[in-house]
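Go ahead and model the full structure; you've got the sequences and the hints to work with.
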Amino acid sequence: MRDGLHAGWLAAIVGFSLRHRGVVMTLAVLLAAYGLYMLGGARYDVFPEFAPPQVNIQTEAPGLAPEQVEVLVTQPIENAISGVAGIAALRSQSVQGLSVITITFDPDSDIWRDRQTVNERLAALATQLPRGVQVPAMSPLTSSSSVVLTIGLTSTRRSQMDLRTLADWTLKPRLLAVPGVAKVAIFGGEVREFQIQVRPERLVKYDLALSEVLDVARRAIGVRGAGFIDTANQRIVLRTRLRAGSTDDLARTVLRQQDGANLTLGDVADVREAPEPPIGAALIGGTPGVQVMISGQYGANTREVAEAVEQALAGLRPSLEGQGVELHEDVFRPADFIAVATRNVAHSLLFGGILVVVVVVLFLFNWRTSVIALSAIPLSLLAATTVMAQWGISLNTMTLGGLAIAIGLLVDDAIIVVENVYRRLREHRHRADGTPAPQVVLAAVLEVRSAVVYATFIIAVVFLPVLTMPGLAGRLFSPLGTAYLLATLASLLVAITVTPALCLALLPRSALPERDAALAGWLKARYGSLIAGVERRYRAVMAAVALLTLAGLAMSPFFGGSFLPELKEGHYILHMSAVPGTSIAESLRIGRLVTDELMRVPAVRAVSQRVGRAEKADDTNGTHYSEIDVALKPLSGEETERAQADIRAALAGIPGVGFALKTFLTERVEETLSGYTAAVVVNLYGNDLDTLDAEAQHVARALGQVAGAAEVQLQSPPGSPELAVRLRPEALARWGFDPGEVLEAVETAFQGSVAGQVYDGNRVFNINVILPPAARRSIADVRALPLRSPAGAYVRLDQLADVYATAGRYAVLHNGARRVQTVTCNVAGRDVASFVAEARTHLAKLNLSPGSYIEFGGTAGAQAAAMRTLLVHALLAAAAIGLMLWIVLGRLRNLALVLLNLPFALAGGVVAVFASGGGISLGSLVGFVTLFGITLRNSVMLFSHYEHLVTVEGMAWSWEAAARGAMERLTPILMTALATALGLLPLAIGGGDPGREIEGPMALVILGGLFTSTALNLLVMPSLALRFGWFARDGQAG
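Counting in this note's numbering, the sequence shown runs from 6 upward without gaps.
For the record, the hints were derived by calculation from the structure and aren't laboratory data.
Straight-line C-alpha distance at most 25 Å; calculated SDA-like pairs for lysine to any residue: (1) K638 / V152; (2) K621 / G766; (3) K638 / P293; (4) K638 / A657.
Here are the in silico distance ranges between beta carbons for each label pair: (5) V76 / I859: 22 to 32 Å; (6) L553 / L888: 23 to 33 Å; (7) R224 / D807: 34 to 44 Å; (8) E334 / L888: 50 to 60 Å; (9) W891 / A510: 33 to 43 Å; (10) G661 / R277: 29 to 39 Å; (11) K638 / P777: 46 to 56 Å; (12) A590 / P639: 32 to 42 Å; (13) T245 / R739: 41 to 51 Å; (14) M547 / R610: 57 to 67 Å; (15) L888 / P145: 47 to 57 Å; (16) P639 / R873: 32 to 42 Å.
C-beta: ideal position from N, C-alpha, C; glycine also.
This is the structure in structure tokens:
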């Protein structure tokens, strides 16, 4: 070893701790107290903030068809913002009357600056959009998980219009005032408005044009400023007010005088309160109602915001119940999964810690040494959580998982130190050479410095690739790596400060029995004969080791992979897609059938449905599309998997619609990666929409032929029914019509034109001029619309235009400002990576038109990118570790022997993956990284002691030295390996339960590799070191 490299500073730290042990122990107690205080106020969440900076732009374009929205609205906005710096992805959807553009920025971008830059571009663009298109607006900034609570309102006494009015004007303002709430989206109910339903036959009867009725309605309810008057000593404001607060008031508005009498709005129209033309609907347990979806602000804590919202709802509940309204707070509550997930991981942490305590006590069987070693666990954990709290890192399943994985390692450094100090103090007492106890403790700590300091630094370097993973993988796993590293480095600090101080305070004046603890003595008695037997059968043992290693490594190419395992959230979102153009009523009818089928599944607790979209919501769903919340009863991970299979079986008997079943967070992760809620995304780019639609159908069929394909869907299916109105210029000229006049009349008749608002206290309701529902039900109604010419003649619309049924598309999609048709699918019964590999082969056989090409997206692409980056960074870390090991070991032969343990550890991890189902996720890869660090640590512990025996104690390198070194390191190596393994055991056993889905595969990998690497290190390495190792004092042959 190279003593001068680090003995100086380490000796200074340990010496200070021994001289001022009272101060050190007091500081440790204060740290623990402060850590407990910080832990009490820690923020809990299920995941760290994993979404990159995003800006969502919505532009309402009433009446425009999807192709018109694309050309007139979406493309100008995309062109305006394309030059903004830092854009990583640009996606858009153009649907009837709405353009939604999602801009994703680079992960390290400043979201507030990004929003300001985009807002400046939009402000310059607003005047360039067509008349009638509203000003583009950015959606409020929300957190990664977005939804913090979804509630429902139903009533047997109140109408759907009353429920919606209550939600819009009572619930929504109150909920938006809750700290942490970003937006409130309302689905279903009937939006109240005042409608002037103009009867076409009365227009003809009274010789009126539709535009005249609209103009009079606007003048009747317009608000005007009137200025002020000055008196000698006052300025008095003039406020004009027209009493038009009821339908009767509006009906009495005079259109004109005719034959000595007033012709009023009531003479030509039915003036009544009626619902706005709906864009969505909702069912709660099969009952019509209103759903209210509350989203949290960017960076807000889901659980805290949900609890604050529930407090606000508790204040509103008496008023709601007094009005006969039932409040359903259990439609969807993500905080429930957060509580279950964090509790499960915390329990794994607790039970793992208890098992570690048992291992340490059984091996040491001495209360003093046990207390000294075990004190490292709470001190290290509390130090790590304190630093994370100061850095603003929440306690979530990833950070808690990092601590749970590290739980066994936290005691390792302390075990190595206390075991060596105990042994050296016992030897010193036996020799009675007069060396002071502080000097003995100092020498004992410095003796194992390589096994403690360098080995811990090696573990830290091994984990650096996890911290540097790109994209969403990095945002998910970096907090895990941060927690692991902080805890591990804290354990190192405890081992060189608190542990020596406690050793000096508790051990020198205590009884130091010569005999080992019963368990350690029993193991040592058998260990000697084991390694002697391995030495006698060296060739056969090495052949078996090589064979097992090769067999394990040979399995790895056949494993598939997934980005993340499916989370057991206790809640599913069922996406139901019917044929485009399906009405709200039909979607609700099918939804009731689905609800009935799902409620027959024993594990299902509640079902709620959302049809279409909400006003100002981020979704662009049409009336053919529904999202159904399926809440499960409390279940274990295995029961949840059975429930999912039962749900799919229940849906199999419902024809005519497509289904996709996802958990909320899995869906959010997939949506963040690709913009879609599916594991596999195939983007087909091209210029012609009809060609894209046709070729996308071929892609969908090819994907459906791949084994494991489930829920294959076109995101923008063609065939949406349309009614085309094509004006004939020659007919317009013959009758003297202005084209714009005709188009405005059609818009007012069938979509409605807002003439103004009616104010009822703080509530505002639109006044809409439109035809009665009975006059806008069929193609014949459209053709028969009467239009008055400038000469006073009445002409039907079909005399001026061709009116015919046709098929269009519900949405036009863009990705990177290019037209795209997207096919998505999920994977059942196999891993995503192998599915995508086979799908590429199938799709490569398609003959696409010139200019069309395919790109894969979804979790498979993200997983491949993350794995590539992890591999590259792992190779760089391996180079750094190799240099550190060379410094520690000093000789290339010893370095090669230490590294020889890694393939055996890898083989053990691979076997564990195979035993657990044969899939590699990012969690599994992180487990391999962790495993390599632990394996190198144990090997360094053994080789550093060999070096000490030869260079310090003067033994000649022989089988006697190799066997003695292994025997003396048996207890700390086996104790640290068992502590690590048993600390991970609760995670591995409960790997399928909520909260443990990601860390469970990591724990299995580490357990499998730890078993094989520890066996090789303890049983085979002495014989390998004897033959190929090099240990010698300066100037002496090895």
